[in-house]
Structure formats: C-alpha cells, structure tokens
Amino acid sequence: MKRLMSGNNAIGEAAVLAGCTCYFGYPITPQNELPEYMAQRLAAVPDGVFIQAESELAAINMVLGASVAGARAMTSSSSPGISLKQEGISFLAAQELPAVIVNMMRGGPGLGNISPAQSDYFQATRGGGHGDYKIIVLAPASVQELADITALAFDLADMYRTPVMILGDGMLGQMMEPVTFHARKKERHLARADYVLTGAKGRPARLVKSLILDPKEEEDHNWKLVRKYQRIEQQEVRYETFLLDDAAMAVLAYGTAARIARGAIKRLREEGLKIGMIRPITLWPFPNKIIQNTAKHLQDFFVFEMSTGQMVEDVKLALEGKARVHFYGRPGGVVPTPVELSRIISRHYYQSQKRKK
Amino acid sequence: MKNVYARPHSLKNVLNHYCPGCGHSIIHRLIAEVLDELDLREKAICVPPAGCAVLAYDYIDIDMVEAPHGRGAAVATGVKRVLPDKLVFSYQGDGDLAAIGTAETFHAANRGEQITIFFVNNAVYGMTGGQMAPTSLLGQKTTTSPAGRHPGREGYPIRVCEVLAQLGAPAYLERVAVNKPAAIRVAKKAIARAFQYQMKKSGFSLVEILSPCPTNWKLNPVESCAWIDDVMSKTFPLGVIKETKC
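Protein chains in written order, with our numbering: chain A, 1 to 357; chain B, 1001 to 1246.
Calculated from the structure, these hints are not laboratory results.
Source: prediction; values computed, not measured.
You can trust all of the hints, since none of them are fake.
Covered, in the sense of this in silico footprint (three residues per stretch, anywhere, with C-beta under 8 Å from a C-beta of chain A), are these stretches of chain B:
1) 1057–1069
2) 1102–1113
Restricting the straight-line Cα-Cα distance to at most 27 Å, the calculated cross-link-like pairs of lysine-lysine (DSSO-like) are:
3) A/Lys201 with B/Lys1189
4) A/Lys216 with B/Lys1012
5) A/Lys322 with A/Lys274
6) A/Lys201 with B/Lys1200
7) B/Lys1012 with A/Lys201
8) B/Lys1201 with A/Lys201
9) A/Lys209 with B/Lys1012
10) B/Lys1188 with A/Lys201
Each residue gets a CB set at the ideal place from its N, CA and C atoms; glycine is no exception.
Given only the sequences and the hints, what does the whole structure look like? Please build it.
Right, here's the structure in full:
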C-alpha cells in the first residue's frame, strides 16, 4: 500500500520497521519531523526508547550506549549538529559499533541557513571526526529511496559493525511523495552478538574500548579497520545510471542535485543532446569503476553539486586525468531549476563537441 | 578455618598502575566488594571515564564500555534504557563529570535515569598532570593555576552533589571520602545504597568520593589523607546530601 509521506517521516517509519527501537536526538531544522515522528511512533513499540537529548553530543553517545547493549539505534540532525556528533561517530567507528546517523544537510559553514544544500560531502565521506576511519554514506534521491535505504543502513551497520550515515538535505526530508514499505524478513538478533554487553553471566567479562596505548596494537587495529573498509568497497558500491549507453557526456550528481539533473537531461535529450547520468547512491564507497568504465566511451564528465565542489574531487580521483571534468555548483541553499542547469550543461556540451572537431 | 579477608571475586588478581597513595584502587576494591556482596557482578555494566581510571577494566572483572571524555552519563543512559534490569554505573573524575561532561551529568540526573555515578573528586586533573579542576579549592596551586585558584579569575569549586540536589529527580546523593578506615566503611555503605536505589528502580544515584592524589597534590600519602580532613572536606562537607524513599 502506498502512503503519502514526507522524507523525514518515511525514514522514521522505515527505521521502526527495520527493528530500530532507540532514537536519540536534538531539535534542528530541517529534520525536526523525524524526532517528532519517532517520539510518537516508538511509544507504541515494545521496548521503544525515545529521548530528546540535551545536546547532539549526548544524543550520539546515547546511541553508543544503546548500540553496545544490543539495540538498533539511530540519531538524526542537520549540518551544525552533525559536526557535534563527530566525536561520538569516531568512537563508534573505533569501537566497531553499529549505528545509523541521518544528516539532512543545510547551507553552511557556521549556522548557515536551513535551505537544502550538499555542503557536508567532505565531512561525511572522509570519516568526519578525528582518526583514521571511514563510514558508509548513503545518498537517496526520493522518499521511496529514503525508506529503502534506511532499512539497508541498519543491515549494513550490523553486518560491518560500523556507523552508517544517510546523507539527505532539507528538500528530501520535507517533501512528500508516495512510499511503499516493503515487508522485511526477521533481523539478525544482535543481542546474541559476541560483543554486546549484558552483564558477565556465564561468560568472561567483555570490554568495548578504543583506548589502545601500545602503538603497535593501535596500528594493528587501524589496519584491521582498513581490511573491513576494503571489503565494503568491494561489496557495497551502489549507483544508478540514466541514458548512459549512447551518451557523449556523463553528468554526475547525487541526491536532490540528481533529481534536478535528471530533469535537465530529459530536456536536453529532447533537443538531441546525447547526455546521460551516473548517480552515486553510496558516496563512500564511491562508485569509481563505473566512472572509469564510462571514461572508455566518452571524454566529458559534468559534475553538478549543491556546494562549491566536493564530490567533484572524487570524480577526478576516479578518472586519474583520463577525461575532462566540468563542474557547476550552487552552494548556500540555492536550488537551481532543471531549466537553469540544462542551459549550463548544454553550453559545456557544445564546447566539448567543438573541441572534438 | 573461617576466611575473614580475601580478594573480592569481582576484582582481578593483578597489580594496579595507580600511584602510591591514590584513592582509585581503594574505590575499585569497594565497588568489587559490594558487587560480590549484593550478587550483582553478572548484572553489572560499567562505563569508565577518560582519565586515570579509564583502565578500571583491567581491575574490575565486569562488562565495560568506554565513553568519550565526559559522556559517561549519556552512554550509561543508552545502555540502561535498553537493559532496564541490569546494573549500570559510570565511574568518573571531576574534570570528566563536572567540566566537559557537566551537561550530560546534569540532564541524566534531571531525567532521573536509573543509573549510578561514582564521582571521584580529587580536585585536580590527575592523568594529564595536575591541572586545575572545576573542584580545585580556592587558593589551590595547580599547573594551570600557579598563583592559586582565585575566585575572580577561576571561579569557585563546584559542589556537584549540592547542585544536583536542586533538581527534582535525583534520588540519592551522598559525599564520602576514602582517606581513613572509618571513612572507607562509610563509603562502602554509600556504594551499596546507591546500587540498592538502582536495583529497586528508585531513581538516579550519585556518590561523590573525595579521593587523595598525592602525586599532583605534591604531598605524601599520609599528608594527602590528612589534607582531605583538614582542608578539602571544609569545602566539600561529607554526608548524605539528598535521599528520597528507596
């Protein structure tokens, strides 16, 4: 059955259906609908826990506590609040604890504004907090995908014992679209996992820590995390392509920017311009291979972001100089129309066609 | 033959790393004794702090999860809400609890979380080398208050129990010391009472423990124990600060 829901509410419903029993958060626009939804929804769930924390710092550390006690736990915020959560995310990564963190990005830096932006790509995809680590970053582009990816996020978090971030923006969180919640098979029972703390009954005491004073041991721990990240890079890359087969130029965009790009590409296709798109769904791990394979057929990549240019660096890293990279960005919470974007893309398209001749 | 004294079952048979005359090893032992006596070892989950006592898990033989500096009360909240029938306690120093973790402590107390906090007050930052703590006394010289703590410059020592006593929710707040045998017996009783409050779901409990730090006080262990009686407890009076029905 389809339901008309806002993105923020859809995340909440999908989380509860995925077995999330604990939500901890602190109000910040544009994601307030999610804690509000969870306050009501978790009250109806057996063992449901909702706390409006005193700060983002407290919220992420409550997630840490709930996670180590064996529950599926989440928190959500928007850009400035996510900065505060980075301390806890670093500890979750070091202690290899699953958690789901939602970031409905807004314009920044600083307090910025409350309009949709993609300003936190670097922070999200480079770990975000202190230390040598990565987290899985998922970038949905519709309310349906928000719901699907929320369920996936909890599974990935448990499977790899890692924090997972859902990276959306104010637009995705607040717009309403029809959404279907798919029936899910029973979750893996975390309470039986061998690290979960329940009191040392009938087994040796367990310790979940990140303090490793011996440099050699810390190094071993760092490399152990890297091996996990390599497994994730091999197995969890997700992306979508659109009209790529005969394209002479590939647009790269994610989330809300990808929706705008899709509209722009449709218009340009009607005018006969051969333009396609690669939409990364996982921002880390980044879909390098499809970009490299596409570079065998075409020479022009056009990156569009609602920022001053962050993902564009990953595209350049993937291409290793083997193709031209064009960029258009609108930071600060400005959301361009497909018409505006189509004009920019077409200018770059014709310039590159001329260059080829 | 009757066994009158032995290592508590909950305490590991290892040497500890604490400085001579430090109070942590006494407090660890008291907690271990109470866990044994109340048969709570298998239900216990501890959140050790950032600070000297981060290595509490090397000594107390129970489940533990490290918290970021100051966030002990938030982590303990998360654990306890998921496992309401377990015994969940944090072990925190004065910098951890009353400086960087003030908000987490204050609000966990104000929500009436069913957790216990052991707040070890030694009036300095121990592990980092003796800097001024929020509980450093007026006039106390530390590496970051070399002229002595001055109220016009560094403010006053924070009386955590008295501050928390103003809140509605906390159920049991007591200040004890571990500087002499009689005081240690009182401290042990307070630890046991705090656990009883929690297991009866009677509300938030915190035991503040005045504890010697000879290394950073630049006193010998005997002088340090005397300093708690002669100086420190004048600012931090011992006794039950708040108790509701258990």
